[in-house]
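Take a look at the letters that make up each chain.
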Amino acid sequence: MSPAPNRLLRAAVAAPVFDFWSRQFGSIQAWDRCLARVVARREEARGAVTLTLQPNRRFAGFTPGQHLNLTAEVEGVRLTRSYSFTRPPCADGRLRLTIKRVENGRLSNALCELRPGAVVELGQAYGEMSLPQGPGRYLFLAAGSGITPLMALSLALEQNPQAEATLVYWAQRRDELCFAEELRELAARQPRLRLHFALTREPLRLAGEFGRRLDAALLDEVAPDLSALQVFACGPRGFVEDARRLTQERALRFHGEAFTPPEAVAGGAPVRVQLLRSGQTLEVPSGAPLLAALEAQGLHPDSGCRMGLCNTCACRLVEGVGQNLNSGETLAEPGSELRICISAARSDLTLDL
Amino acid sequence: MSQATLNRPLSHAEMDAFGAELDALRTRTMAQVGAEDARYIRRIVAAVRYTEAAGRALLFFGAFPPAWVLGTLLLGLSKILENMELGHNVMHGQYDWMRDPHLNGKTYEWDIVGTSDNWRHTHNYKHHTYTNVRGMDDDIGYGLLRLFPEQRWRPFYLFQPLIAVIFALLFQWGVAIQRLELGKVFSGRKTKAELREEFRPVGRKMGRQLLKDYVLFPLLAGPFFLPVLLGNLVANGMRNLWTYAVIFCGHFTADAETFPKSVVQNESRGHWYLRQLRGSSNLSGGKLLHIMTGNLSHQIEHHLYPDMPARRYAQVAPEVRAICQRYGQNYNTGSIWSQFGQVIWRILRHALPSRPGKPAPLVEPMAEAA
Ligand SMILES: Cc1cc2nc3c(=O)[nH]c(=O)nc-3n(C[C@H](O)[C@H](O)[C@H](O)COP(=O)(O)OP(=O)(O)OC[C@H]3O[C@@H](n4cnc5c(N)ncnc54)[C@H](O)[C@@H]3O)c2cc1C
Numbered sequence: 001m002s003p004a005p006n007r008l009l010r011a012a013v014a015a016p017v018f019d020f021w022s023r024q025f026g027s028i029q030a031w032d033r034c035l036a037r038v039v040a041r042r043e044e045a046r047g048a049v050t051l052t053l054q055p056n057r058r059f060a061g062f063t064p065g066q067h068l069n070l071t072a073e074v075e076g077v078r079l080t081r082s083y084s085f086t087r088p089p090c091a092d093g094r095l096r097l098t099i100k101r102v103e104n105g106r107l108s109n110a111l112c113e114l115r116p117g118a119v120v121e122l123g124q125a126y127g128e129m130s131l132p133q134g135p136g137r138y139l140f141l142a143a144g145s146g147i148t149p150l151m152a153l154s155l156a157l158e159q160n161p162q163a164e165a166t167l168v169y170w171a172q173r174r175d176e177l178c179f180a181e182e183l184r185e186l187a188a189r190q191p192r193l194r195l196h197f198a199l200t201r202e203p204l205r206l207a208g209e210f211g212r213r214l215d216a217a218l219l220d221e222v223a224p225d226l227s228a229l230q231v232f233a234c235g236p237r238g239f240v241e242d243a244r245r246l247t248q249e250r251a252l253r254f255h256g257e258a259f260t261p262p263e264a265v266a267g268g269a270p271v272r273v274q275l276l277r278s279g280q281t282l283e284v285p286s287g288a289p290l291l292a293a294l295e296a297q298g299l300h301p302d303s304g305c306r307m308g309l310c311n312t313c314a315c316r317l318v319e320g321v322g323q324n325l326n327s328g329e330t331l332a333e334p335g336s337e338l339r340i341c342i343s344a345a346r347s348d349l350t351l352d353l
Numbered sequence: 001m002s003q004a005t006l007n008r009p010l011s012h013a014e015m016d017a018f019g020a021e022l023d024a025l026r027t028r029t030m031a032q033v034g035a036e037d038a039r040y041i042r043r044i045v046a047a048v049r050y051t052e053a054a055g056r057a058l059l060f061f062g063a064f065p066p067a068w069v070l071g072t073l074l075l076g077l078s079k080i081l082e083n084m085e086l087g088h089n090v091m092h093g094q095y096d097w098m099r100d101p102h103l104n105g106k107t108y109e110w111d112i113v114g115t116s117d118n119w120r121h122t123h124n125y126k127h128h129t130y131t132n133v134r135g136m137d138d139d140i141g142y143g144l145l146r147l148f149p150e151q152r153w154r155p156f157y158l159f160q161p162l163i164a165v166i167f168a169l170l171f172q173w174g175v176a177i178q179r180l181e182l183g184k185v186f187s188g189r190k191t192k193a194e195l196r197e198e199f200r201p202v203g204r205k206m207g208r209q210l211l212k213d214y215v216l217f218p219l220l221a222g223p224f225f226l227p228v229l230l231g232n233l234v235a236n237g238m239r240n241l242w243t244y245a246v247i248f249c250g251h252f253t254a255d256a257e258t259f260p261k262s263v264v265q266n267e268s269r270g271h272w273y274l275r276q277l278r279g280s281s282n283l284s285g286g287k288l289l290h291i292m293t294g295n296l297s298h299q300i301e302h303h304l305y306p307d308m309p310a311r312r313y314a315q316v317a318p319e320v321r322a323i324c325q326r327y328g329q330n331y332n333t334g335s336i337w338s339q340f341g342q343v344i345w346r347i348l349r350h351a352l353p354s355r356p357g358k359p360a361p362l363v364e365p366m367a368e369a370a
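One line per chain: the protein sequences are L and Y, in this order.
Going by our numbering, the first residue of the first sequence is number 1, and it counts up by one from there.
Going by our numbering, the first residue of the second sequence is number 1, and it counts up by one from there.
Extracted from the complex, chain L is given alone in its bound form:
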């Protein structure tokens, strides 16, 4: 749109009105949000689905190894979770995400049921894992859905002739392995990628497959030269912590990304509260009303009734676990509004404040 009509449009129409009519006419264009349409869906493995998404022009691109926040509506409520790009950027601008079903998972299972035509909302790409041009030797440790960004990085090896990597990919059963065929083909044609599968609950093992969790012996076998390697580990929190414990001291560099959410801590223990707008990070006791705790440290967030009804102090929970002290309910959905006068932190928190 050329600037002059655009400005006129902005004076006449409000963002919600524009977005409403855009959706009514079946478009994914939006005033300032990034929407994407599901254009293809494919069963990737048992309990995992790959969605191909066509984003609108608000999407600013990504590099392999990054993630984004995806938001979709489930039963009238918007849920936001992180997912990783499973493929380097493609010429068609489309994005591929692979979603693994999680037992009782609210968003993952709903996403796995999406059909072409469905619309979701995307945040911008983020994440520090990348494969810079130039020489580099890597150890990729993936467990479960942790394969996704490491799949994209493995594919990116093809564009980076001086990088080489060893990928160890854990799943419980063989039929849960995503991209198994594609990875085998890639490793066969690309000597700079060495590939190992590890299956923890498969009765029969094939040649070259490991049958146990990550441990020091397994590490020695796949990466005898650990001190020369950069280690990227992705998967459930426990797995990433194991990988950190085993490699952080010995490897050239360790970078872990835990895919499972943090857990709530007991009352009284100190937690860190990061305030995005004011750029501060403070320590407060968990379980204490946040407004009072922040005021005690000299901050003056907006507030009103101080009893949880006027909504003046509400601010967006970006990450972490909060608790409403009036009802006792815990609140862990990213994007929830937290009334800080009657809410406490129950884990490290990031607030849009």
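Derived by calculation from the structure, the hints in this document are not laboratory data.
Quick reminder that beta carbons are idealized off the backbone N, C-alpha and C, glycines included.
Some clues are possibly wrong.
[Claimed, not checked] So these bits of chain Y aren't anywhere near chain L, every CB distance computed over 10 Å:
(1) Trp68
(2) Val133
(3) Leu144
(4) Gly183
(5) Glu194
(6) Asp255
(7) Pro318
(8) Ile344
(9) Lys358
[To be verified] Only some residues are given here: those of chain L computed to face chain Y with a beta carbon under 7 Å:
(10) Pro16
(11) Glu75
(12) Gly304
(13) Asn311
(14) Gly335
(15) Glu337
[Stated by the list, open to error] Ranges between beta-carbon positions, derived for each pair:
(16) Y:Ala35 <-> L:Tyr126: 37 to 47 Å
(17) Y:Leu144 <-> L:Gln280: 42 to 52 Å
(18) L:Arg94 <-> Y:Val264: 33 to 43 Å
(19) L:Asp302 <-> Y:Ala35: 26 to 36 Å
(20) L:Ser327 <-> Y:Gly135: 27 to 37 Å
(21) Y:Arg39 <-> L:Ser327: 18 to 28 Å
(22) Y:Gly188 <-> L:Leu299: 28 to 38 Å
Take the given structure of chain L and dock chain Y with the ligand to it, following the hints.
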């Protein structure tokens, strides 16, 4: 009937039990809030958008009188729905749990000349926290009208029957300047510079609204500039009159009470609930009335639970009423004709000097002394 005979003062123990019952009702109801409420508010959004589009489209043919009338009515309807069932309720954070950025309590911007930010302060915070507390809730007469005998009489109030009508017609402008507290400028408690600073966002919003309704859309109609402009003017007027009537019925009926500042000191939750109840009044009627008033026909339930999705008020009302009965409290409700009649009576009666009647205490005098 005097207020003292309608309502029984409660002991501190009764007050706590009263509060606990209302809290329990709240918890029970909020646990049910979900997909159905989301679907409902989305349907309201769609109704607002489609009636607006249809109204504006018809107004383009406004040279043809039936199209003008229908277009104006539809646009007025859209503005009323947007103002009440959508804007007012969303700004209370009633739908924050959906996490939809377009239905967020802190960022929603409504289609009137007043800024949502100022409304969130004067209404969500001041009016809802200090409901009907004299000197703290600026909604008592909006600084223009004397509606309760406890307000000091001045000769200026003799004109209030006329002022009330003008205020009703221009209600959105009253809402827009409420936070500027012009009275303070006249009495010297606020400098002109402070006022200028506070007016900036208000002026911007006013400009935007005027541009939209009285320049852009009329211009789009080309030769039918004037019918479109008039249609917009009348639609805004309809919305002003209706919101004024509904809001006044909510707190200024015959049995609604006001309170001295001292009530809010160390106020317990039960006491706060009781004060909300005593200061509010409902409108009885059907589903259409409830939707068109943004469910402020359930003003009592709204004041007890301002952040509960308003469509749930009809569901909790019978239980609230039963609780009131158990605790000897009047549940102030009536038809819109009867309630608005009482409001008009107040406007007329208290234009003239009047004296407060016997106060109706919230707390048992014995308990107060203890
Ligand atoms: C940076 C990052 C990248 C991610 N990339 C991907 C990806 O590419 N593909 C993908 O499928 N997932 C990925 N995840 C995980 C994803 O964000 C969600 O956590 C997952 O889809 C579960 O969401 P849910 O709403 O279904 O489960 P919830 O309803 O949030 O949780 C239900 C239960 O499952 C547990 N749980 C939550 N997440 C997991 C998990 N990953 N594994 C096992 N148990 C879990 C919870 O503790 C809870 O008990 C990533 C996470 C992060 C932080």
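Verification of the hints:
1. Trp68: holds (21 Å)
2. Val133: Since the minimum Cβ distance to chain L is about 13 Å, Val133 of chain Y lies beyond 10 Å and the statement holds.
3. Leu144: holds (24 Å)
4. Gly183: holds (22 Å)
5. Glu194: Answer for Glu194 of chain Y: holds, closest chain L Cβ roughly 19 Å.
6. Asp255: Nearest chain L Cβ is 24 Å from Asp255 of chain Y, so the label holds.
7. Pro318: holds (23 Å)
8. Ile344: holds (31 Å)
9. Lys358: holds (31 Å)
10. Pro16: Result: holds, 4 Å to nearest chain Y Cβ.
11. Glu75: Given a least distance of 4 Å, the restraint on Glu75 of chain L holds.
12. Gly304: Status holds, d = 4 Å.
13. Asn311: Result: holds, 4 Å to nearest chain Y Cβ.
14. Gly335: Result: holds, 4 Å to nearest chain Y Cβ.
15. Glu337: holds (4 Å)
16. Y:Ala35 <-> L:Tyr126: 37 to 47 Å: violated (30 Å)
17. Y:Leu144 <-> L:Gln280: 42 to 52 Å: Holds, at about 44 Å.
18. L:Arg94 <-> Y:Val264: 33 to 43 Å: Hint violated: Cβ distance 59 Å, outside 33 to 43 Å.
19. L:Asp302 <-> Y:Ala35: 26 to 36 Å: holds (31 Å)
20. L:Ser327 <-> Y:Gly135: 27 to 37 Å: holds (33 Å)
21. Y:Arg39 <-> L:Ser327: 18 to 28 Å: holds (24 Å)
22. Y:Gly188 <-> L:Leu299: 28 to 38 Å: holds (33 Å)
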